Structure formats: structure tokens, C-alpha cells
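**Q** Following the hints, position chain B against chain A.
The chain contents come next:
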Amino acid sequence: MSVRITEAPIDAAAETAELSRGRSDVGALVTFAGICRGEEEGAPIAALVLEHYPGMAEEEIGRHVEEAKKRWPLLGVRIAHRVGRVTPGETIVLVAATSMHRQAAFAAAEFLMDYLKTRAPFWKKVERAGGTHWIAAHDKDDAAAGRWKKSSREAAE
Amino acid sequence: MKVLYFAWIRERIGKPEEDIELPVSVATVGDLMNWLKKRGEEYAYAFDNPKVVRAAIDKVHVEPAAKIASAREIAFFPPMTGG
Numbered sequence: 001m002s003v004r005i006t007e008a009p010i011d012a013a014a015e016t017a018e019l020s021r022g023r024s025d026v027g028a029l030v031t032f033a034g035i036c037r038g039e040e041e042g043a044p045i046a047a048l049v050l051e052h053y054p055g056m057a058e059e060e061i062g063r064h065v066e067e068a069k070k071r072w073p074l075l076g077v078r079i080a081h082r083v084g085r086v087t088p089g090e091t092i093v094l095v096a097a098t099s100m101h102r103q104a105a106f107a108a109a110e111f112l113m114d115y116l117k118t119r120a121p122f123w124k125k126v127e128r129a130g131g132t133h134w135i136a137a138h139d140k141d142d143a144a145a146g147r148w149k150k151s152s153r154e155a156a157e
Numbered sequence: 001m002k003v004l005y006f007a008w009i010r011e012r013i014g015k016p017e018e019d020i021e022l023p024v025s026v027a028t029v030g031d032l033m034n035w036l037k038k039r040g041e042e043y044a045y046a047f048d049n050p051k052v053v054r055a056a057i058d059k060v061h062v063e064p065a066a067k068i069a070s071a072r073e074i075a076f077f078p079p080m081t082g083g
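Protein chains in written order, with my numbering: chain A, 1 to 157; chain B, 1 to 83.
Just so you know, these hints were derived from the structure itself, not from any lab. Note that this is a predicted model, so its numbers are computed, not measured. Cβ atoms here follow ideal geometry from the backbone N, Cα and C, with glycine treated the same way. Wrong hints could be hidden among the right ones.
Stated by the list, open to error - Taking lysine-lysine and the DSBU-like style, the derived pairs with C-alpha atoms no more than 35 Å apart in a straight line are: (1) A:69 with A:125; (2) B:15 with B:38; (3) B:67 with A:149; (4) B:2 with B:38; (5) A:70 with B:51; (6) A:125 with B:37; (7) B:2 with A:69; (8) A:125 with B:67; (9) B:37 with B:59; (10) B:38 with B:67; (11) B:59 with A:149.
Claimed, not checked - Just some of the chain B residues that point at chain A, by a computed CB distance under 10 Å: (12) 35; (13) 52; (14) 77; (15) 80; (16) 83.
So here's chain A without its partners, still in its complex pose (with noise of 0.2 Å):
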């Protein structure tokens, strides 16, 4: 399991290639990736700044981390984020989940992904040519971090 904040450029295929290197028990791996869009609010955007609480950013998404490996039978979790200066079509997220079986990668890398944007300590700025702002939180990620809690005694099951 690795949580890594980084102010370069992340490598997908470097970071997954890790949770399967010599080994023969993982069936299944899930990626995701959240990639730097060249337009916020339908007004193009030269990159988005991102800010985070040291320590605590890698603390919040470990517990995460933890509260996956219960719900789900996982071999491998890797999150690598991206804090800093990102510009359009660079990597700002990735999370990785490694299983025997496809359901648990797929379910533990939404998990992960919907605490990471509610719970997990990074703010992101947008940086136009005309100045900056601070991007505000949406509601539905907030609606897609609650599902979870509902679905909380199913998942244990």
C-alpha cells in the first residue's frame, strides 16, 4: 500500500506496473486517473495550482486506505496525487487497486476516489490569463462519498 504527494509529473503505467511486478495472485487491477482539464466553467484555463495540509493529506487518505482493505479482499492500493503547478492533460490523481477479482479493484478505486475528493486536505486554484480563484466545492461529490455509508453493511457482508 502506497500514498504518495509529489510535485512531479505522475507516470501511470510506472505506478501500477508496481502492484503486479512478480507476483501471481493478483487477477485484477483497476486504475483511475484525474486528469487536468484545458477548461473549468467553460472558460479555458492555462493550470490549476494545487495546495495540501502536509501530513495530514497522507494520513486522511492512509485511513482510507485501511477502511478499503476491510471492506474489500485487496493485495495492492497505490495513490500518488499531484500538488503544485499542473497544467492542461497532466495527471493531478491516480489510484490504483490490485484484487484477485474484478469487483473488489473496481469498487475499492470509487471508494478511494470519492473520499479522496470530500475528505482528503488539497484545494485547487485556477489560473487563467485574467488572474486566479479558488475552485468551490461541489454537492455531488459530497452526495458520491455519502453512498458509501449506506452501502456500509453490505460491503462488510
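**A** Frame of chain A, contents of chain B only:
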């Protein structure tokens, strides 16, 4: 007590962190927000709408009613927008 600020709260207050001597009357995170608000215009601006301010004690999310007695550091920040 170490108090940290992030994102637009940091920008409004004008500093990323500070050490503050708290009066004993400040018992909860909510009390601390109200107390900070009175420290100056920049704080009043930062805590203008307490509903959109989130807090953590020692790097764990807490609600405004959380007691701060044993805290080493308290952080204030807007709703998170990572990922």
C-alpha cells in the same frame, strides 16, 4: 497552540500559521473561530461564513463542537477540492 490556515482562508488572513495563546474561555473549535474573528478585519473576512470553514485537530477532521483542550495543532480550511 499552533493554528494553521489553508487555501483562501490562508490568503485572507495573510499567513499560513501562527502560535496563539488562547484564553481558557475558548473551549471548542467553534469558540476558537468566534474568538479569531474578533482579532482583526482579515480574520473577520476569513471566518465571515463559518459554515464553509472546515477544521482539523492534530490532522483529523473535527466538527465545530470538538473540544480543543489537548490539541497540539488546529487547522482551518475551506471544503476540499482535491482529486
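**Q** Does the structure break any of the earlier hints, and which numbers would those be?
**A** Hint 12 alone not satisfied by this model.
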